[in-house]
Amino acid sequence: MRISKTFWIYTILALIGYAVVQMLITNGQLDMYYANLLITIAINIILAVSLHLVIGITGQFSIGHAGFLAIGAYVSAICTMHFHLPFIVALAIGAIAAAIGGLIVGIPTLRLRGDYLAIATLGFAEIIRITFLNIDYVGGAAGMQIIQQTNWTYAFFGMFVTIVVISNFTNSRHGRACISVREDEIAADSMGINVTYYKVLAFAIGSLFAGLAGGLFSHNFFIIQPAQFNFLKSFDILIYVVLGGLGSLTGSIVAAVLLTVISLYLQDFPETRMIIYSLVLIVVMLYRPAGLMGTKELPDLFKRKKGGKVHE
Amino acid sequence: MSNPLLKVDHVGIQFGGLKAVQKFNMELFEGELVGLIGPNGAGKTTSFNMLTGVYKPTEGTITFDGKVTNKLSPHQVTKNGVSRTFQNIRLFKELTVLDNVKVANHSLAHHSMLSSIFRLPTHFKGEAKMEEASLAFLEIFGLDVYKDELAKNLPYGMQRRLEIARALAAGPKLLLLDEPAAGMNPQETKALMDLIALIRKKFDLTILLIEHDMGLVMGICERIYVLDHGELIASGTPEEIRHNKKVIEAYLGEEVPL
Chain X
1 MRISKTFWIY
11 TILALIGYAV
21 VQMLITNGQL
31 DMYYANLLIT
41 IAINIILAVS
51 LHLVIGITGQ
61 FSIGHAGFLA
71 IGAYVSAICT
81 MHFHLPFIVA
91 LAIGAIAAAI
101 GGLIVGIPTL
111 RLRGDYLAIA
121 TLGFAEIIRI
131 TFLNIDYVGG
141 AAGMQIIQQT
151 NWTYAFFGMF
161 VTIVVISNFT
171 NSRHGRACIS
181 VREDEIAADS
191 MGINVTYYKV
201 LAFAIGSLFA
211 GLAGGLFSHN
221 FFIIQPAQFN
231 FLKSFDILIY
241 VVLGGLGSLT
251 GSIVAAVLLT
261 VISLYLQDFP
271 ETRMIIYSLV
281 LIVVMLYRPA
291 GLMGTKELPD
301 LFKRKKGGKV
311 HE
Chain R
1 MSNPLLKVDH
11 VGIQFGGLKA
21 VQKFNMELFE
31 GELVGLIGPN
41 GAGKTTSFNM
51 LTGVYKPTEG
61 TITFDGKVTN
71 KLSPHQVTKN
81 GVSRTFQNIR
91 LFKELTVLDN
101 VKVANHSLAH
111 HSMLSSIFRL
121 PTHFKGEAKM
131 EEASLAFLEI
141 FGLDVYKDEL
151 AKNLPYGMQR
161 RLEIARALAA
171 GPKLLLLDEP
181 AAGMNPQETK
191 ALMDLIALIR
201 KKFDLTILLI
211 EHDMGLVMGI
221 CERIYVLDHG
231 ELIASGTPEE
241 IRHNKKVIEA
251 YLGEEVPL
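Line order of the protein sequences matches chains X and R. Positions 1 to 312 (our numbering) are the ones given, in order, by the first sequence. Positions 1 to 258 (our numbering) are the ones given, in order, by the second sequence.
If you're looking for bench data, these hints aren't it; they were derived computationally from the structure. This structure is a prediction, so every number in the text was calculated from the model and none was measured. Even for Gly, the Cβ is constructed at its ideal location relative to N, Cα and C. Worth double-checking, as some hints may not be accurate.
[Unchecked claim] Derived DEER-like restraints, expressed as beta-carbon distance ranges:
hint : chain 1 : residue 1 : chain 2 : residue 2 : range
1    : R       : M113      : X       : I9        : 20 to 26 Å
2    : X       : V261      : R       : F118      : 29 to 35 Å
3    : R       : K190      : X       : D115      : 28 to 34 Å
4    : R       : K93       : X       : G123      : 48 to 54 Å
5    : R       : K93       : X       : L103      : 52 to 58 Å
[To be verified] Straight-line distance between alpha carbons at most 27 Å, and here's what the computed BS3-like set of lysine-lysine pairs gives:
hint : chain 1 : residue 1 : chain 2 : residue 2
6    : X       : K5        : R       : K125
7    : R       : K129      : X       : K5
8    : X       : K296      : R       : K152
9    : R       : K7        : R       : K152
10   : X       : K296      : R       : K147
11   : R       : K23       : R       : K129
12   : R       : K246      : R       : K23
[Unchecked claim] Chain X side only, calculated, beta carbon under 10 Å to chain R, not exhaustive:
hint : residue
13   : H82
14   : N171
15   : T196
16   : V284
17   : L286
18   : Y287
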């Protein structure tokens with residue numbers, strides 16, 4: 001029952017945060033530039049947290065997350081632009097399509113390990129991108145025109161649902177099974193964990209939320225092009241997870257927020273942008289080799305201090 | 001006697017041109033404590049890997065509890081009632097001691113993924129049941145004081161104990177112990193022997209163990225199988241094994257004083 005209590009505290013805090021921002025936006029105190037930054041942050045958090053489940057929790061080094069982002073983006077865009085479905089329905093269909101994509105890619109590739117899995121997922125993401133590039137129905141290389149529909153409310157609740165679902169999943173017997181797969185596959189298998197099932201499951205859930213992010217992402221622009229979903233996008237998401245600390249959900253959130261803000265401010269210095277961005281990454285990796293948070297979660301940091309007092 | 005719990009019939013495995021184990025026969029009856037010994041590289045751990053589904057035998061059949069298990073994957077074998085420990089400890093290092101046992105208790109609760117995501121009452125009930133059962137196992141092994149410690153931070157002897165606790169939590173009828181006393185001092189080995197005797201009685205277990213510590217093997221095993229170069233060279237009571245010419249030649253070197 002203690003679990004539900006902390007859950008409600010976080011929920012209420014999050015909703016207050018949402019309401020404050022929403023109020024600032026409606027009152028016009030927060031201009032479009034910052035509102036858009038917040039939406040981008042929310043989308044990147046969804047991506048980071050969904051990949052965290054695959055890499056940080058289940059230990060499957062997938063670097064093709066942009067592929068599932070692309071599926072969600074295109075499928076939801078087709079739903080709204082060609083079939084005129086409501087945005088929320090389009091988001092759901094995009095997410096489910098990405099999850100199915102995840103299953104199709106995951107079942108054959110998750111037999112591979114380490115480097116081989118990384119290469120295979122990278123390859124699949126490129127296949128997905130090039131498929132969209134060659135379909136005239138979605139505009140090919142020129143891209144697809146989209147009516148902007150993503151707003152703060154959609155982005156926030158998308159992010160909220162993602163975090164709740166993935167943290168609830170992690171803190172259950174299913175999440176423990178995934179972590180045991182990360183820790184030692186042979187031992188997990190010998191303790192009665194169906195390793196393949198849990199790998200594919202985590203991959204599919206990760207893809208589902210990447211698809212959700214895709215829907216929000218595509219409807220936050222007026223046009224989407226396959227080039228936006230190339231492997232560099234996959235690496236961006238990977239960096240959030242690694243920089244935040246493998247296995248730390250809050251770490252990946254912190255890193256996603258930090259890097260989104262940094263890369264936005266660096267847009268004013270286009271010549272040196274990538275240099276500074278890379279330097280930031282190098283510095284963090286030098287001083288925090290296990291990522292910003294290591295394997296700890298944000299609340300753990302506070303708990304530790306309290307724990308010390310109790311011992312006194 | 002009744003039907004054997006485990007029947008290993010002419011089992012062999014080949015890695016390329018190398019026959020690691022061949023014509024391996026073994027019968028375990030319910031409640032027995034049997035040892036499997038042999039020099040290094042004799043194929044003991046390979047046999048364990050075949051019994052647990054990690055390797056698939058290239059010939060012969062393994063029947064456990066009336067079911068042919070040699071085509072099953074490890075988790076299916078475990079659900080069928082065989083669990084094991086590892087020669088080189090394979091704990092989930094970054095998980096707490098309690099969570100290590102909880103992973104093995106995975107099939108004890110049946111709450112679905114959706115009930116966990118929506119935090120339905122079945123989730124809480126299931127998790128509470130797992131927690132209770134896991135704590136009970138830790139208590140038997142004297143590990144309950146370490147329950148929130150990460151497994152990697154435990155001292156070596158405790159890690160070995162935790163591995164046995166974890167294997168037990170998977171609910172086996174047959175427990176396979178791969179060198180449980182490796183690296184332990186005589187006191188720890190003695191404590192371990194008592195512990196094995198205790199859990200065997202408490203959980204109605206059949207135990208098969210690999211061990212190099214002859215004192216331990218001769219002391220607690222009722223029967224012993226001896227492997228050398230992938231082949232079974234002898235089987236029988238400790239007394240028979242101790243005086244078997246082939247065994248002395250291959251392994252013991254001299255008669256074991258006890």
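For this session: Mind listing which of the numbered hints don't hold for this structure, in increasing order?
Result: 3, 4, 5, 9, 11, 13, 16, 17 and 18
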